[in-house]
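Colleague: Here is how the chains run, residue by residue.
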Amino acid sequence: MSLLQLKNVTKKFGGVVAMDALTFEVEKGQIYGVIGPNGAGKTTAFNCITGIYKPEGGEIIWKGENITGLHPSKIADKGIVRTFQNIRLFGKMSVAENIISGRHMKSKQKWWQGLLATPAYKKDEYENWMKVSEIMEFLDLMEFAKTPTNSLAYGIQRRVEIARALATEPELLILDEPAAGLNDKETLELVELIFKIRDMGMTVLLIEHDMDMVMQLVDYITVINFGKWISDGTPEKIQNDPIVIEAYLGSDDDDDEDEA
Amino acid sequence: MKLKKSTYGYLLFFAVLTLFPFINDPKWLTVITTFCIYSVVALSVDIVLGRAGMFDMGHALFFGLGAYITAIMNVQFGINVLYALPLVVVVPAIFAIALSSPIVHLRGDYLLVATVGMNIVFEQTLKNNLFGLTGGPNGIFGVDSYVFGFSLDEPLTIYYIAFFLLLGTLLLIRNLERSKAGRALHYIQEDPLASESIGISARFYRVFSFALGAGVAGLAGWVFSIQYSAVSPEAFNFMTSVLFFAIVLVGGKASIPGILAGTFIMFVLPEIFIEFATARYFFFGIAMILSMILRPEGMFPAKYGKLPKYVTEDK
Amino acid sequence: MDIFLQQVVNGLTIGSIYALVALGYTMVYGVMKLINFAHGDMVALSAYIGLVLYTQLAGLGFIPQPLTVVLVFLITALVIAIFGVLLERIAYRPLRTAPRLSAVVSALGASMMIQNGIMLVWGPNILIFPADILPAISWNVAGVTITFIQAAMIIITILLMISLTLFINYTKMGTAIRASAINQDAAKLMGINVNLVIMIIFVIGSILGAVGGLFIGMYYRGITFNLGWVYGLNAFIAAILGGIGNIPGSMIGGYLLGLFTALIAGYVSSAWAEAFTFILLILILIVRPTGILGERVAEKV
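Protein chains in written order, with this note's numbering: chain Z, 50 to 309; chain F, 320 to 634; chain D, 27 to 327.
No lab work stands behind these hints, which were simulated from the structure alone. Where a beta carbon is used, it is the ideal one built from N, C-alpha and C, also for glycine. Check before you lean on any hint, since a few could be wrong.
[Stated by the list, open to error] Here are some chain D residues pointing at chain F (derived, C-beta under 8 Å):
hint : residue
1    : SER128
2    : MET199
3    : THR201
4    : ALA202
5    : ALA205
6    : ILE308
7    : ILE318
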């Protein structure tokens, strides 16, 4: 059984069909890529999976369970956690405070234990902060622990957002254009990081524009255009697929020449 | 051991409050008792407004609920004020859950109006003497606070009760700040969507902040009704809520020193300038504008980045 | 049925005041996303200024009565417009980039300042508008009494609203206002002088509020320094009901609220009028979180 299955998921905005009967399956342990020209409906797909949008049709199946239209926090609770294309960190707060927000679901303290500072609370706090400490070591963020995230460089902010998602110990990590705005060195580091994350036992689903990166990173790709599936397969197959090449060339004329 | 500047500040603050009664001036003892109570209410408003980021301009409702529960139980039913204690926390909290649940999804200003509305409905209910219990426009007089042979409304006794209430509330808020629930409030304020995506339910914590804020305000209402041995609708009307709203923002959202300073400026200073009677609120309005222009984030803006020491230590 | 129709007429009269004042809130909110809490007090101020002007002008003895009334309206509107522009310069402009709530507190401070300023100048007691400002004519149509002032209020309000709608929809400045309401930064980039737009908004809002304030004085006759809060709050509810920031919404909200309060007063009890008003408001917000004509805002992810 696949980990995540989209079956004919359809999303409309007013009269516009942003996503038309999209179907794909992600297997456990995969690094799965969704690609497509700008405006193809990739982020819409992610927003449907993570519960931000409610699709008008189709089903989203997580480990055999229908999770279509569940509230975002419920979906996160199931083990599906995402990052955002336009980074959404808690800007005024420090890196460590951002990462511990990811421990919210795993942390076992009750609200009244926190208010009374009971021993159970103290133990739980210690364990979770130590976990944050571990994640900061892992992602090389220790030096920024107390720095407000809105004063950090873009590349570091991306890392913090991934750290926050990792802190939730997700089963499926969804990355929405993780390499956007990164330089070559940072992109390379990101690729290594994603491999490491997969090796830790997580499944990764990502949208990416950077073709070189996608091709060296992912195990399987679904290509969409105008909200519709147009092809899928291994990177080798996709690279030589005339339909995909067409779709990209067609769109390159209007808006993203730099991606070609 | 080297103490932080804020620690000295708190030590000084509590030393002044502890020694204050020796000045032995009944008028100022009353003012400072009310200052303690108002600080507690302001801290409770801050849970909702400053921490969870919801524009709550109706919090006097919960403060008043605590006070009226005490007065009604005591005056109308002859029950000792001590037995009102659990109820003044629980009932406002339940009201807060029931009232806030349908409205917490409203965006900023719409929520503000809804909370104002609830406060005004509450005030009008009190004035209309609901079920003959609330005493109408004049309120209820003669709260008898005789407990174990002590009269709680002796100026010095009630002062220390208010003082310890403030102390307890400050500890509670400090604990909240350092706990999962307290942090969650900040997250949902800054970015509800990002919070949801890592499993923090914005809805749950919004209602939670109202309930906790209402419970604390209710308790403050208990002390308030004993201090004045009376309650009246004016004390808990919408203008009172506006005062607390302004206290939080003039002082600084989510900042304990800010809230204490805010209460001092907005409540104690006007008492000092009481000789100027009518003109003082005119200047007070100007001062509010100036304080926002000069310090838009409040007197003492909240500080972030306080971590337990062990987090950044090398292992 | 007679009571019903009579209350409809009364409701339309009060609704006119609410609608006029609500427009001031809504226009400022539309462009600045700020609840101008001082607007209600500007309305109160206009009633006081109007009363002083009328007493002075009528005291001269040689100006014909109708001209006096017109002059009172014009001069009051001008003075309040100047006050409105000053208010924005002093209390709001320095806070345009500050957190939104700071401007709200500044607005509350401005409200307190104006309200207590009125009290310092004219005292805390009620002042009475003379009864003979407008002719004491009334008509009886099908058992319903309409007084001259009621008719005048409703007609003038409707005329003002038509002019405003034409201005907003068909002039260059109106387009600039609408553009600034949608996206201030984009409007700036397109060469729109946002400062000028905001000034115009305060001028228009203040003029409409001044007319509302004079109506309050002439219709109810008794004015107190804190009347701004009472009418301001109701007008503000009207704006929220219609969907704050939405100009036709405020007009509809104002009349709806006027009718609602009049009917509550006629059939239930005025002791609960405010409570019912707010319960209605909260219920509407629960069903339609941004008011009746409010735009639905989807967040960009």
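Colleague: Against each hint, give a clear statement of whether it holds in the structure.
Modeller: Here's how the hints hold up against the structure:
A hinted interface residue such as D/SER128 counts as satisfied when its beta carbon comes closer than 8 Å to some beta carbon of chain F; here the least separation is about 4 Å, so the hint holds. Hint status for D/MET199: violated, given a least beta-carbon distance of 26 Å to chain F, over 8 Å. Because the closest C-beta pair between D/THR201 and chain F is about 25 Å apart, greater than 8 Å, the hint is violated. Contact between D/ALA202 and chain F, as hinted, is not supported at the beta carbon level, the nearest pair being about 24 Å apart and thus beyond 8 Å.
Among the interface hints, the one on D/ALA205 is violated; its C-beta lies about 22 Å from the nearest C-beta in chain F, farther than the 8 Å criterion. A hinted interface residue such as D/ILE308 counts as satisfied when its beta carbon comes closer than 8 Å to some beta carbon of chain F; here the least separation is about 5 Å, so the hint holds. Given the 8 Å rule on beta carbons, the hint for D/ILE318 is violated: about 12 Å separates it from the nearest Cβ of chain F.
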